[in-house]
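Colleague: Residue numbers (our numbering), protein chains in the order written: chain C, 90 to 338; chain L, 379 to 816.
A portion of the hints provided could be inaccurate.
[What the hints assert, rightly or not] Here are the simulated distance ranges between beta carbons:
| hint | chain 1 | residue 1 | chain 2 | residue 2 | range |
| --- | --- | --- | --- | --- | --- |
| 1 | C | ARG214 | L | ILE712 | 56 to 62 Å |
| 2 | L | THR462 | C | GLY264 | 52 to 58 Å |
| 3 | C | LYS199 | L | HIS750 | 45 to 51 Å |
| 4 | L | SER447 | C | LYS199 | 47 to 53 Å |
| 5 | L | ALA805 | C | GLU284 | 34 to 40 Å |
[To be verified] Quick list of in silico lysine-lysine cross-link-like pairs, DSBU-like style, CA-CA up to 35 Å:
| hint | chain 1 | residue 1 | chain 2 | residue 2 |
| --- | --- | --- | --- | --- |
| 6 | L | LYS801 | C | LYS212 |
| 7 | C | LYS225 | L | LYS801 |
| 8 | L | LYS772 | C | LYS212 |
| 9 | L | LYS801 | C | LYS197 |
| 10 | L | LYS536 | L | LYS798 |
| 11 | L | LYS772 | C | LYS254 |
| 12 | L | LYS395 | L | LYS510 |
FYI, nobody ran anything at the bench for these hints, they're computed from the structure. Yeah, the Cβ is synthetic: ideal placement off N, Cα and C, and Gly gets one too.
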Amino acid sequence: MLKIENLHARVEEKEILKGINLEVNPGEVHAIMGPNGSGKSTLASVIAGREDFEVTKGTICFNGEDIEDLDPEERAHAGVFLSFQYPVEIPGVTVTNFIKAAINESRKAKGLDDMPANEMLSKIREKSGLLEIDRKFLSRSLNEGFSGGEKKRNEIFQMAMLEPKLAILDETDSGLDIDALRIVANGVNKLRSKENAIVVITHYQRLLDHIVPDHVHVLYNGKIVKSGTKELAFELEDKGYDWIKAENE
Amino acid sequence: MDLNEKLLSSFIAFEDKVNVNDEVHEIRTAALKRFEQQGFPTKKIEAWKYTSLQTLLKKDFSIFPSSKSVLEYPEVRQYFLHETETFKIVFVDGQYSSFLSETTHDGVDVCLFSAAIEKSKYKHVVDQYFNKITNQKDALSNLNTAFANEGAYIFIPKSKAPVKPIEIVHFATGTTPQILLQPRNLIVVEENAEVQIIERHQALGNVEAFTNSVTEIFAHKNARVDYYKFQNDSMKASIVDNTFIEQHDSSEVSVHTFSLGGALVRNNLNFYQRGSHINSIMKGVTLGSERQHIDHYTLVHHTQPDCESHQDYKGIYDGRSVGVFNGKIVVDKIAQKTNAFQQNNNLLISDTATVNTKPQLEIFADDVRCSHGCTIGQLDEDALFYLQSRGIPKKEAAALLMYAFANNVLESVRNAALSKRVKDMIAEKLGVKIGFDL
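Model the full assembly from the supplied sequences, consistent with the hints where possible.
Modeller: Structure below.
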């Protein structure tokens, strides 16, 4: 599904990704761990198509197609979803209207008519129920005044509504208390299927107790320096990142 | 001959068309004299520092359109809010079009200024209100007064309200390629009365219309006036809108100005509070593009205690457009407990757009709440990426952010049909179709 080869990317003059190789297949869950500043969020943004980052070398293929020239919205239409580490507050646009716009723009890109209102409504009901989201929450301005937990839950709600093929969850666990973490993780698990894939980016192992990965990668200094199974996450939790740093100096 | 000379010399011709033996004409003559001394404003005048009329004044405007043009309703349907659910006072090239209008005298008077100044029935109203609150130091208002003869006349007696909103629509047809229009509106809303008015100026085709309009609005005790200005004219048309509003005890007047079209747009909006517990509301959404120049000049004069004023102007400027906001608030010494709020927020979409924003507060009372804020920013790149990553294309995402930016003002439109029309006009200007109601 996702195949990244020798990916180099920079922002302004600073090279951040220095040769990433990663292959994600349908049905798989991959965790990408690593210390601060190792390039995790950059990798997520580059896959989603953020223009601030310039890909200088290497390729990103999604379902066999090189997506380098696609705009972020075209990648979204193809089935890429990024759950933001810091979701943006947009006063004046309600959660419901935003999600309607997102769904209908994707449908428009596929040559489909707008989703019928009743279908939209029942889908919103179903997915907000899954994430234990209060109805009142849906008529609030997008992310404005939301707590950290509400923002993250709202991200996963959008993921549930958009049903992406590949979901990248960037630090979705940060800012969540134990209960919120459980709700979010349950939501994500319910969305897992044989057809889609999830990449979880996190500092800590605790989210991985709930969303169990098939593969764990350690990103350090712009490169994946170690890959393994979920046991690698436990090892990192035990030892911290210093041994990774020491091995790679 | 420049426009100034041309106007002065056409006054004699104008006098052939109107009654020169009444008080109205005395007022006209005095106004002409003042204009003659003042001339058109230049950038040397503080109030016109950012806006120049020089390019406009070089054009050879026709002052009295020679032939009367006829418009069929289907040709201009799109410029009206509703076919039947509004009263309409419609002018084509400055002349009243009875065919397109729907006036009334049923409990309220919704008719013509020219009729009101001719008929003895309305004389006392005209004598009491005509040209009583215009700014005599303002050359363009004086010019309009000098030639005042046609426009809307709206009189809402005590405790009355028209059964539907009133549309005042001016068309310029292009029968005359360059035309100067000077409509004059007189609106009196008595105690406990209410009215909702929508005003629009529309140049059709390539006509270069220059409108210099004056509107006087009197809102008596407990009166309520909602005034909407749709400025979505062609890019060849220009307007200087001079609106003067006098308010009495516990009245509420709101003016919404939606400035989307027009080459040069200047709004002089003046509120004079003459009582207590008054609320004056000024809201605006401006979308500038290409080489448009859009200037809002507001004045609120708080002269009595316990009054409020609320100003909220949102400006979005693209292309090489220029925006100006000058908001003046005067609070007299006696006007304690005044609550005056002013907000002007601007987004610059292109590197070549410009905004000049200037709050001007003159506060002589010591127990008041006056707050003002102005911002100039750009579209938030993080927000754009966020929306795009959800599948919303960049152009639509930008439009969504602009709507969101202007939302406070859009939400304050009290009439649903109007609100939808405004949003549609904005979407059309931005070239997007957003798949839901905001």
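Colleague: Provide an ascending list of the numbers of those earlier hints which the structure does not satisfy.
Modeller: No numbers; nothing is violated.
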